[in-house]
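**Student:** Model the placement of chain B on the given structure of chain A, informed by the hints.
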Amino acid sequence: MSPHQGHILTNFDEALSQIRDVTIGMGSGAQRNLNNAIRGLIQRDKSLCNTAIADDDDEDRLEVEIDHLGMKILTKYRPMASDLRMVITSMKVASHLERISDQAVSIAKRSRKVIKSPEIKEVLRIEGLYKVASDMLSNSVTAYVDSNSELAVTVIEGEKALKKCHKTTSRFFAKALEVESEYYRNYLDLVFICRWLERVGDLAINIAEEVVFEDTSTDIRHGRELPPELL
Amino acid sequence: MVNPLYTKKLSVPTMSDTIKSKEKKSKTVIEVDDIGFSYDLGKTETLKGISMDVSKHKVTALIGPSGCGKSTLLRCLNRMNDLIETAKITRGTIRILGQDIHAADVDAIELRKHVGMVFQKYNPFPKSIYDNVAYGLRIQGITKKSILDDAVEKSLRGAALWDEAKDRLKDSALGLSGGQQQRLCIARTIAVQPKVILMDEPCSALDPIATAKVEELITDLREDYTIVIVTHSMQQASRISDNTAFFYLGELVEYNTTEHIFSHPSVKQTEDYISGRFG
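Order-wise, the sequence lines are chains A and B. The numbering of the first sequence is our numbering, which starts it at 4 and goes up by one. The numbering of the second sequence is our numbering, which starts it at 206 and goes up by one.
Just chain A, same shape as in the assembly (with noise of 0.2 Å):
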């Protein structure tokens, strides 16, 4: 009898592949979903602010048959250890990223309002803002197709930039608000779109934290310490 990488039910083995497989497709979605939202606001497009809203159907469904296929594993196969944490780490996730793709389709809302109007060129400062969310999700989705705890480190560190940037582009948006009192309600929806953004950063850290829970079996979530390896 010698240890191998497959479990002795193959049928266990496929089942942990699909949930790990419908996760990291919804992690593709909610990143489409996103881009899509900030695409159609920069570049005044509603029809990629519908897509964005309507694909978030397809974000709800993989949300319910990923619990789906965490309970029948559950129930099942009994899963242990890591492949315990696996299951209940795709299924957090899974609620994380139905999230985010909530916040898609709330930018991609205001965004179609935005755009009703005449063009403000400082919608552009937004960019920054959505470069930092979209590359801590897009970290933190890769973190949990490679089960790599590093760089979900990484996404968690984020944070400051992200506050940061947070900070900076809604105190902006903000400042124009008082002073532009014709486009006041934009400016308004874009301080909404700032706070959805920062959120989705946000989501990602959970994302992330979860990440870290899978690889090494610690809960770091609310502030706890991280396991001396990733030290």
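Since the hints were derived computationally from the structure, they do not count as laboratory data. Each residue gets a CB set at the ideal place from its N, CA and C atoms; glycine is no exception. Fair warning: there could be bad hints in the mix.
Said to hold, decoys possible - Simulated restraints, written as ranges between beta carbons of each label pair:
(1) B:ASP245 - A:THR78: 37 to 47 Å
(2) A:ARG81 - B:PHE330: 36 to 46 Å
(3) A:GLU162 - B:SER471: 24 to 34 Å
(4) A:SER50 - B:SER471: 46 to 56 Å
(5) A:HIS225 - B:GLN345: 53 to 63 Å
**Tutor:** Leaving out everything else, chain B in the frame of chain A:
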């Protein structure tokens, strides 16, 4: 024929006195130190230098694939292997409450009063329920009816069987269901008030409901006894044990709290086994 290595002289006071004196203060009940064991007079070692401590009032599960040595170790703890002619302890010591169980003045029968055992296949005697429970006490020379009555009731209550058996104490034990028979065997074991109870896959022949009752019973018994259980069920080990030891090919691979073993084992071999990756 009993292995000559284990034919120790009967010296009742020594074992009992040592255990009584150590019982109150010791947190470790069993100390296994570098124990080696062979079924063929030392030609091949079935246990290869096992060392582990078993804590008082804890349930300790021994897990591992067939042939890994877990049942062999369990049977070493009350010298059940003495009954095998070619069996031999090749090295190390086992101490129970400080007493070396292989010391010259320790008698195996005396030892088993303190270290009871419940087997995979329930094995009540073809006697009444009452006589089964009272059997060990009668062997000890207790004949007074009131004492036996009290002990039988206490033991059956302790084994969660009193309500089901109190109106049929004189009926044959063989008329009980499988799960009831196993709980009767547990009642028989605790009647003599051992310090340690060894259980060798006690639920493997039981249906899920009977298994749940025995598991509940094991959890309750922990308050009064130290329990070592061999099980092939990972779920059972994770449900009822405080500590878990994983064995492989006669070696102790990992020994830690059950939570640690089943959530993030330190050794990859343990992880592979508990998650079903051994092929």
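**Student:** Given the hint of 24 to 34 Å, is the C-beta distance from A:GLU162 to B:SER471 inside that range or not?
**Tutor:** Between A:GLU162 and B:SER471, where Cβ atoms are some 31 Å apart, the hint holds.
**Student:** Range first: 53 to 63 Å. Now tell me if the beta carbons of A:HIS225 and B:GLN345 are that far apart.
**Tutor:** Hint holds: Cβ distance 58 Å, inside 53 to 63 Å.
**Student:** Please check whether A:SER50 and B:SER471 have a Cβ separation lying inside 46 to 56 Å.
**Tutor:** At roughly 54 Å between Cβ atoms, B:SER471 and A:SER50 fall inside 46 to 56 Å, so the hint holds.
**Student:** Given a hinted range of 36 to 46 Å, is it respected by the beta-carbon distance of A:ARG81 and B:PHE330?
**Tutor:** The hint (36 to 46 Å, Cβ to Cβ) holds, given that A:ARG81 and B:PHE330 are roughly 37 Å apart.
**Student:** If I claimed the Cβ atoms of B:ASP245 and A:THR78 lie 37 to 47 Å apart, would that claim hold in this structure?
**Tutor:** holds (45 Å)
Comparing the model with each earlier hint shows no violations; every hint is respected.
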